[in-house]
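We have chain X already, so just place chains V and Z on it with the hints.
Protein chains in written order, with UniProt numbering: chain X, 1 to 291; chain V, 1 to 669; chain Z, 1 to 253.
Keeping only pairs whose Cα atoms sit at most 27 Å apart, straight-line, the calculated BS3-like set for lysine-lysine is:
{"#": "1", "chain 1": "Z", "residue 1": "Lys-22", "chain 2": "Z", "residue 2": "Lys-12"}
{"#": "2", "chain 1": "V", "residue 1": "Lys-534", "chain 2": "Z", "residue 2": "Lys-29"}
{"#": "3", "chain 1": "Z", "residue 1": "Lys-5", "chain 2": "V", "residue 2": "Lys-311"}
{"#": "4", "chain 1": "V", "residue 1": "Lys-527", "chain 2": "Z", "residue 2": "Lys-55"}
{"#": "5", "chain 1": "Z", "residue 1": "Lys-55", "chain 2": "V", "residue 2": "Lys-535"}
{"#": "6", "chain 1": "X", "residue 1": "Lys-85", "chain 2": "Z", "residue 2": "Lys-20"}
{"#": "7", "chain 1": "V", "residue 1": "Lys-252", "chain 2": "V", "residue 2": "Lys-6"}
{"#": "8", "chain 1": "V", "residue 1": "Lys-569", "chain 2": "Z", "residue 2": "Lys-55"}
{"#": "9", "chain 1": "V", "residue 1": "Lys-608", "chain 2": "V", "residue 2": "Lys-642"}
{"#": "10", "chain 1": "Z", "residue 1": "Lys-22", "chain 2": "X", "residue 2": "Lys-86"}
{"#": "11", "chain 1": "X", "residue 1": "Lys-196", "chain 2": "X", "residue 2": "Lys-60"}
{"#": "12", "chain 1": "V", "residue 1": "Lys-534", "chain 2": "Z", "residue 2": "Lys-55"}
{"#": "13", "chain 1": "X", "residue 1": "Lys-85", "chain 2": "Z", "residue 2": "Lys-17"}
{"#": "14", "chain 1": "Z", "residue 1": "Lys-249", "chain 2": "X", "residue 2": "Lys-266"}
{"#": "15", "chain 1": "V", "residue 1": "Lys-102", "chain 2": "V", "residue 2": "Lys-15"}
{"#": "16", "chain 1": "V", "residue 1": "Lys-403", "chain 2": "Z", "residue 2": "Lys-154"}
{"#": "17", "chain 1": "V", "residue 1": "Lys-527", "chain 2": "Z", "residue 2": "Lys-12"}
No wet-lab data here; the hints were simulated from the structure.
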Amino acid sequence: MAQSALLKSSIAKKYWMALTGLFLCLFLAGHLAGNLQLIFGDALQFNQYALFMTSNPAVKLLSYLTYFSILFHAVDGILLTIQNKKARPIGYAKSNPAANSGFASRNMAVLGTLILVFIVTHMVNFWAKMHFDKKMPVYATTVEMMGQKQDLYVTTSGTYIPVTQVAKDSKEAEEIGAQLYIDHGKDFYNTQAKIKVGEGYKDLHKITFDFFKSKAKLFGAIPNEGLVFTILYVLCMGVLAFHLWHGFQSAFQSLGINNKFTPAIKTFGKLFAVIVPILFAIIPLYIHFVK
Amino acid sequence: MKLDSKIPEGPIAEKWTNHKNHLKLVAPNNRPKIDIIVVGTGLAGASAAASLGEMGYNVKAFCFQDSPRRAHSIAAQGGINAAKNYQNDGDSTYRLFYDTIKGGDYRAREANVHRLAEVSANIIDQCVAQGVPFARDYGGLLDNRSFGGTQVQRTFYAAGQTGQQLLLGAYSALSRQIGLGRVQMFNRHEMLDLVKVDGKARGIIARNLITGEIERHSAHAVIIASGGYGNVYFLSTNAMGSNVTAAWKVHKQGAFFANPCYVQIHPTCIPVHGTNQSKLTLMSESLRNSGRIWVPKKKEDAEAIRAGKLKPTQIAEEDRDYYLERRYPAFGNLVPRDVASRAAKERCDAGFGIEANDTNEGVYLDFSSEIISKGKQAAYAKGNHNPTQEEITILGKQWLEEKYGNLFTMYQKITDENPYETPMKIYPAVHYTMGGVWVDYNLQTNIPGCFVAGEANFSDHGANRLGASALMQGLADGYFVLPYTVSDYLADEIRTGKISTDLPEFAEAENRVKEQINKFLNNNGTKSVDHFHKKLGLIMWNKVGMARNEQGLKEAVAEIAALREEFHKDVYVPGSADELNPELEKALRVADFMELGQLMAMDALQRKESCGGHFREEYQDAEGETLRDDENFKFVGAWEYKGSDISQEVLHKEELKYEYIKIAARNYK
Amino acid sequence: MASKKTININLKIWRQKNAKEKGSMETYKLDNVSTDSSFLEMLDQLNEQLVNERKEPVAFDHDCREGICGMCSLYINGRAHGPDTGITTCQLHMRMFNDGDTIYVEPWRSKAFPVIKDLVVDRSAFDRIQQAGGFVSVNTSGRTIDANATPVPKTDADKAFEAAACIGCGACVATCKNGSAMLFVGAKVSQYALLPQGRVEATERVLNMVRQMDEEGFGNCTNTGACEIECPKGISLENIARMNREYLKASLK
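Here chain X stands alone, though its shape is the one from the complex (with noise of 0.2 Å):
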């Protein structure tokens, strides 16, 4: 009994929701302190960390933690709702329920939904291209020598190669002779030897700055999709603030935490739920205003 009780219950469900989304909740503070090295840190600096999410074991545990999280989180949170929904087979025809409760509180699942667009499309944008997209670019610096600008490329060993030195693919690398050639979005390849010599950066933040900055038609028609993909941004980071506003203190109570320490426990939750999602908008706003 006490084991199915684990899954199955009312309060169990409860209880996974408080768990993943607490979870996500840090996970959020994390991603956060990474996105805003785009205002903070250099290029370079935000790559390297880029590469440093995308392969550390430990990370990347984290990071499928984190997906079971989102999927848990969101399907936990289907069931539920569907289930809330069958309570109430007939709905009351005047209702006012403001006098009672809180807009957040209210509409945790449609707020939790566009939250779940929100990670798809970001995932599609940003995510999915970093693993997937093989035109993927990779990071270049560009330095001056003796007057004039150079473009190199930079190795996570440190060392430098020239752009000029290096191929799109092998195939353009033999057509054109270059010595080395990229492969895999971001090794660099001998083209004669066929063995790498070394790794790039995914330039993730080019991708960053490019998306936010875009002064291309959205869907042909849009323009400035740049300033579309801002907003849109921005507006979904009130989405998320209104989620937590209201999830954060929410998940203690739903874990049987309602003590003295309560009172704290929320004022840092609304604080969470204001402080992080500005923070997270403010880094389009800066790139598409300020850069």
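Chains V and Z only, in chain X's frame:
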């Protein structure tokens, strides 16, 4: 027929123990063969059903509410008495016994009351074991407070919701038995008749209030715990659904109805506000610890107040008549309930009432003196030895809020007046009925197999009940008396076998019920049930209320009989029999109230004395106090039903013997 | 009393013949309602009017009319027990309304509380939850240990009382957007969990009561806090948290 109270022989303190030792038993293996019906799930009914279920009997419990937890025991506020002597102030079983007999104005059975006092301590143990959250002190032990009519602190309480907590305790025990399948619960069912087979109670006819189905239920014993009949007055502190039907149907089947005229009128209720009022709300007796009761000394002031030209706060101290303090200097505002109620009525009848309703009935319960005295104390306690008037008032109000906050809020919600600023208006209201179905020492009526417990029986409170004793009696009957005495009766039933509901007696009873229902539904009269109930209430309140006299009672008997006839001729009951039909439910109940009301007037008429809640204006002393006639009326008046003409009922007398308590006049001066 | 004011109102009331038939909102006009009347007295007045017009009166649950039995329900103008806090419907007074107001009166809405007729719903799901574990398994006995043998810290006793003050009216379920019964169950679980007498069976109790609660078809708690606001007895959300704790402990055992 001679009434046999079956009081056991022997010294009073040993009667119950000896009696228990000699009662017959039913072996555990035989109990599942025996069915018991319990009607009502208040303190007495729920505790009886739970206890009998635990023992292994098949119990069927009935209540008309949607859940057994709703029974009106839940509304008791103050507390429950028990002779625990935890406060070391000289309490004992004997003291509780004595106080209850004296409080009842020497009209209760000694043996019953002593048993009640004996088992009172067990009740507290039992309830604590069940998880009832009584108030405790900082040492973790149970707290007590004191109540009217006693000089010790023996009242256990749970804030102002003691009845609720005790009922929920009994309900939890009952729920456990329902969960285990030993008690079958029939909620939203109303008992509409008792079925007798060969003179013994063998079952009931009940109406499923949702489907309207008339059901037959058989059993080897029937326990009635359906509460009191205060709603005969229409306005009372009882719940809207509280009714006498179960008890009255038992009476009509031959059980005697004892002392119907003993009604307790509680002095501190919120006065009537208008003709649409449906019920009266009690303000706890505990308020009389802090409030002073008064009316204006001058009639013109009272008139000005009623006209809204004067406010009570504008009446100077010397123009106020603190009539309880004036008449009863020793007890002052803390005289027993019946005394306080009558005194209020006396003032209002004399034209000093302050409420601007049809009857001008209302007096003030004023907390301003308490605000000042407690405010001063609080200021001193804070080291402020020279507080300003303002500081005193603020602190005094804080003290009141701490002590009575919830009551004050309740008062304000109902009346829209702030009792911190202006005195409360209060007036007596019908609260509890000491009379009920006559039972012997075993709580069995004169119908074998039919037991009656709690407020529905007459047994323990004489002519006036003390505060915090109703809860005690309900639980004593259900937990600690009935399990023994019912088993004793059932010991002879182990060979009876299942009782068939196809017996002609069941069919007959069912037909009686169906006939009555059909008659109401096809009556096609012109007036609602409430119309008649309110009329009955007015007659009862005016002529069989706080003060009665021969002429009024004679008029009441005639008026009620006439009203009853009119009711049956002209009542309109909408809807049908096979659905949830609250109007029909009310009609069936009011039909019984009409008959009972007449009997109450007859009982009050025959009792040519004043005692406890029964005050006959002809029988008072020079100072207006009750004048008992122990020579001629030291008996229980038990009425026998003789057909639909109530005036034909026959009075039987059970002589009360006082062997252990010296009978004396009650004096609270 | 002081006022003596009367108002005229319009009522929109849910009428439903029985559990099987469909219901609808019907409109009624009621004049000369004293503002000193309670809400239920106003409904009495409406029913008197309907009976006199030979129409079927409105069925609604009520009993004690002093806010303790928990029998009255009613969703009034979009709120459980109407537009006042800390009270039941029977304690709601007409002075909360104005002349000419239209007042919506609906039954509790919950799958677990099916409508029986008009405004009357079946709340026996609460009874079944109680039967599943809302008790201490102690038989009636004249030989229990003395009530003072086990001291209970005053704070625990007080908290247990506050939880036990629940009147089982179902306002929490009615007002919860999810139709969750967790405040009711949490209060019961808490009362016993806080007392030494109840601790013995704490594990079984919370598992059984929650299982029954889920079987009855109540929704899940999403901590909106609406129940706490609308509860006529002010039962705290702390009780739900305590139940969550107890359930976690019990599940891990």
